Each structure stands twice: as C-alpha cells, then as structure tokens.
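Peer 1: Residue numbers (my numbering), protein chains in the order written: chain A, 55 to 287; chain B, 370 to 616.
Quick caveat, the hints were computed from the structure, so don't treat them as lab data. Keep in mind it's a predicted model, so treat the numbers as computed, not measured. A hint or two may mislead.
So, partial list: chain A residues that the calculated Cβ filter (under 7 Å) puts toward chain B [to be verified]:
{"no.": "1", "residue": "Ser76"}
{"no.": "2", "residue": "Ile85"}
{"no.": "3", "residue": "Met90"}
{"no.": "4", "residue": "Leu93"}
{"no.": "5", "residue": "Phe185"}
{"no.": "6", "residue": "Ala189"}
{"no.": "7", "residue": "Thr230"}
Note that the Cβ used here is the ideal one computed from N, Cα and C, for glycine as well.
Take a look at the letters that make up each chain.
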Amino acid sequence: MMKPTQDSDHLEALLAELPMESPSADTSAAIRQTVMADLRPAGSRSAAGRAGLVMLTGALGVVGVVASYGRPGLPGSHQQMTAAVVSGLMVVLAGLALGGAISPGTIGLPSRRSRGVLVAGLVAAWTLFVFINAATSGGEHECPNSPFSCVLRSLAAGVLIGGAWLWLWRRTDPWTPRVGGALIGACAGCIASAGVGVACLTTATQHLVIGHLLAVPVLAIAGVLVARRFLAP
Amino acid sequence: MRSRTVPAATINPFPGALRSPPAAVPYSPIDTGELCPSNWASLTGRHDPGKSTDRSKRLCYRVGMGDQESLENLMKRYVGGEATAFDALYARTSRRVFSYQMMMTGDRTRAEDLCQTTFLKLHRARGGWIDGSPVMPWLMAIARNVFLDNARKRRRARVKVTASGDLPDQVDQKSLRGPTTGLRDAIDRAINALPPRQREAFILTRHSSLSPRQAAQVLGISETAVKLRVFRAHQALRAALGAYQTN
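Hey, can you work out the whole structure from these sequences and the hints?
Peer 2: Here is the structure:
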C-alpha cells in the first residue's frame with residue numbers, strides 16, 4: 055500500500071489521510087441536553103457599545119472623584135484646566151483601548167506582547183504627564199489634604215470604575231485575560247488619578263507619587279489577579 | 370463585508386464529496402477564510418494552486434460549508450435563544466473543536482470530556498461573545514484554555530487513580546480510533562514528535578482550519594510567529610514523512 059521513497063513532496067497527500075474526527079453521539083447528546091435545558095436569550099453587546107459604556111462610566115468616575123472633594127466648579131488655573139482636558143482624553147482613550155484590545159477580530163490587538171506594551175505605555179505616559187503638568191503649572195501649590203486622603207479616593211474610584219468595566223467585559227476574553235485585566239486596572243487607575251488631579255492641585259513630588267500615581271500600578275496588579283476569574287469564559 | 374462569488378466551474382467537484390457543490394458558491398472571508406486555507410501554500414512555502422484548491426474544497430465540504438449562514442449569524446441567533454441556531458453552530462464547529470482536543474491529547478475519552486466542557490463553557494459565556502466578532506477564534510481559545518487547564522491538573526496529579534481509589538485500567542487509545550493504516554500511525558507519530566508550540570500552531574491552522582491571523586489570536590502571539598511555527602512544523606513533518614508516498 056505504502057512504500058518508502060525519498061520523495062518528500064507528497065506531504066499534502068499524506069496529511070489528507072488525517073480524518074477530522076467527530077465527538078461521539080453520546081457526548082453530542084449530553085451537550086445538547088444541557089444547553090437546551092438552560093437556553094434563554096442572553097444579551098450580547100458589540101465592541102463599540104461596550105466601549106461607549108466604558109467612556110460613560112469613566113466620565114462618571116471622574117465627576118465622582120472631583121465631587122468627593124466638595125469643591126464646586128473648576129477654577130481656571132492652567133494646571134487644573136490641563137488636568138480636566140486630559141481627564142476627558144483619558145476617558146476616551148480608555149474606551150478605545152479597551153474596545154480595541156479586548157475584542158480581537160473587530161479592531162484587535164492580536165498578541166499578548168502588544169497588549170502588554172499598551173499597558174506599560176499607558177502607565178508610563180500617565181506618570182510622565184502628571185509630573186510635566188506639575189512642573190509647568192507655574193509656582194508651587196500645596197494640597198490641603200494628605201496624600202493618603204487622595205490615594206484612598208483614587209483607589210476607591212478606581213475600584214468602582216474597574217469593577218464596572220470588568221462586569222461590562224465579563225467572559226469576553228479567553229485569549230489573554232490577565233493582560234486584559236491589567237489594562238482595565240491601569241485605565242481605571244489613570245482615570246481615577248485624573249479626577250484626583252483635577253480637584254487636588256499639588257506640585258509636591260511625594261504627594262503626587264503617593265496620592266495620585268500609586269493607584270495606577272496597584273489597580274493594574276489587582277486587575278491581573280482577578281481578571282482570569284471575571285474576563286475568561 | 371467583502372465577498373465574491375466563485376463560479377462552480379473553477380471549483381470542479383471532487384470525488385467523495387459529501388454533496389455536490391451548488392451552482393455558485395458564495396465566498397466570504399469570515400465564513401470560508403477560516404476553513405479554506407487559501408494561505409496554506411504561503412505557510413508551507415509551496416504554491417500549488419491545484420492542490421490547495423482541492424484541499425480547500427475538501428475542507429469546505431467536509432464541514433458542510435458553502436452556501437450556509439455565517440457562524441457569526443448563527444451565534445447571534447443562539448445568544449438570542451434559538452435552539453436551531455445552537456444545533457447548526459454545534460454541527461459546524463464540534464468537529465474542529467474535537468479534532469483539536471483529540472490531536473492535543475491523543476486520548477479519545479479525554480477529548481470527549483474536554484469537548485463537552487468547551488461547549489458548556491461556551492454556553493455559559495455566550496453573553497460575553499462580542500456581537501459581530503469572529504466566532505471560531507473565540508471558541509478555539511476557549512477550547513485551548515480548557516485543554517491547558519486540564520493538562521495542568523493532570524500534571525499536578527502525580528498518581529492518577531479512579532474515584533474508587535484504584536489505578537485506572539490501561540486502555541489502548543488506538544483501539545478507540547477508527548481503522549488505522551501504517552501511514553496514519555506514522556503521521557500521528559510525526560505530529561506528536563513536533564515541539565508543542567509548533568504542534569499546536571500546526572493543528573490550529575491545518576486541522577482546525579483557522580487562518581494564521583485567527584490562530585495568532587488564539588495563541589496570543591503575532592501572525593508572523595504563527596506562520597514561522599507552522600512553516601517549521603511543515604519542514605519537520607516533510608522530513609519525518611519523506612519516506613512515504615502514495616501509490
């Protein structure tokens with residue numbers, strides 16, 4: 055039937071011998087029975103719809119953080135206005151990043167590495183912005199609150215925002231849920247930090263690091279830890 | 370959605386097809402791109418239009434594709450609660466999922482369990498499917514996670530015993546398969562001898578019929594890396610099976 059030769063150009067024909075096997079009738083019947091017993095409509099949203107909800111919850115988060123400081127309105131200092139504009143941009147970017155990264159095939163960042171680079175780039179860019187904004191604010195500002203008060207606010211807001219996003223994207227990411235969780239945590243941390251930056255004007259390095267920036271890596275790590283449970287199907 | 374129609378004359382029917390092709394087979398990248406490896410030649414470095422067309426047609430008809438509703442539409446209807454949509458989806462995807470599990474585990478019983486777990490996970494997570502996104506990469510990623518979780522559990526279990534505490538009976542896995550030939554065994558051995566990464570990329574693109582882009586999504590690596598792994602796997606298989614040819 056078969057004879058050995060030195061011809062290796064018949065691989066296609068050889069591999070065609072491999073059959074595509076089917077599960078047994080019993081297994082198929084068991085699967086069908088389980089599915090049919092529990093078959094009811096389940097809402098499914100598009101990537102754009104989910105990204106829109108991410109932006110909405112992010113904007114609400116920023117407003118919530120600013121409101122938690124109990125200071126009505128925005129005084130027009132350069133630092134504060136910049137922080138407010140960048141907060142809005144962060145909200146939009148978070149929506150785009152999550153919408154794109156956790157839905158391969160639609161917009162899609164296919165590889166784990168490119169998603170990891172996105173997370174690292176986001177954290178680095180945000181850290182850089184916070185220090186540049188403080189350095190270019192013109193003069194020294196002191197926040198009446200302690201850095202711990204700010205970090206508590208940013209962590210609380212970040213947990214709420216990140217939790218809402220995990221719920222929005224639950225069971226969507228079988229590919230790289232941990233990196234997706236890191237991205238969600240980092241985005242939520244940046245948005246919470248942006249809200250804190252709008253309300254709390256400070257140029258003190260220690261306050262910036264502890265009060266404004268610490269929440270970002272903490273939430274990113276928390277995202278990695280819980281993501282598999284929530285994001286993976 | 371980009372689509373084109375392939376005249377029946379250019380895809381001449383082949384012997385042994387499950388059914389004769391329709392007069393004009395609608396071609397859509399989502400539908401058939403994953404099944405008909407038009408880029409298979411680019412992966413393997415061989416450009417043989419005649420053979421790749423035959424292979425594409427064989428795959429398309431083996432899984433019953435052609436003029437059917439897209440998997441994405443079926444998934445959408447299934448998420449909406451339609452039982453017939455699940456049946457159609459299962460009929461069109463189960464063989465690809467099962468083949469992947471079977472090739473990765475080499476154990477029919479285990480593959481049946483994993484296939485069942487995969488579809489039950491799919492059912493639980495159906496609300497998480499992103500409307501409009503391709504179904505196969507999502508489903509195959511779930512299947513891969515199920516396999517990896519199972520492999521980790523088995524690695525942790527140093528002594529595998531039955532529920533009653535006895536050592537399990539040794540089952541000859543070959544006896545659970547269909548009739549085998551010497552060639553079939555040689556192919557199995559050659560595929561099992563591949564490094565795991567190459568084997569997985571090869572199985573996903575070749576046997577589960579995903580495109581390199583979709584396989585890259587499933588594996589969480591770049592498309593170029595998938596192509597490289599498949600190319601190397603193909604080279605290794607060619608070397609291992611070079612001593613065989615069909616009469």
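Peer 1: Each hint needs a verdict: does it hold in this structure or not?
Peer 2: Here is how each hint holds up against the structure:
Nearest Cβ of chain B to the Cβ of A:Ser76: about 5 Å, under the 7 Å cut. The hint holds. Hint on A:Ile85 holds. Least Cβ distance to chain B is approximately 5 Å, under the 7 Å limit. Against a cut-off of 7 Å between C-beta atoms, the interface hint on A:Met90 holds, since the closest Cβ of chain B lies about 6 Å away. Hint status for A:Leu93 relative to chain B: holds, with the closest Cβ pair at about 6 Å, below 7 Å.
Evaluation of the A:Phe185 hint against chain B yields a violated restraint, the C-beta minimum of about 33 Å exceeding 7 Å. The interface hint given for A:Ala189 is broken, as the beta carbon of that residue sits about 38 Å from the closest beta carbon of chain B, more than 7 Å. At about 5 Å, the closest approach between the beta carbon of A:Thr230 and any beta carbon in chain B falls short of 7 Å, and the interface hint on this residue holds.
In summary, the numbered hints that this structure violates are 5, 6.
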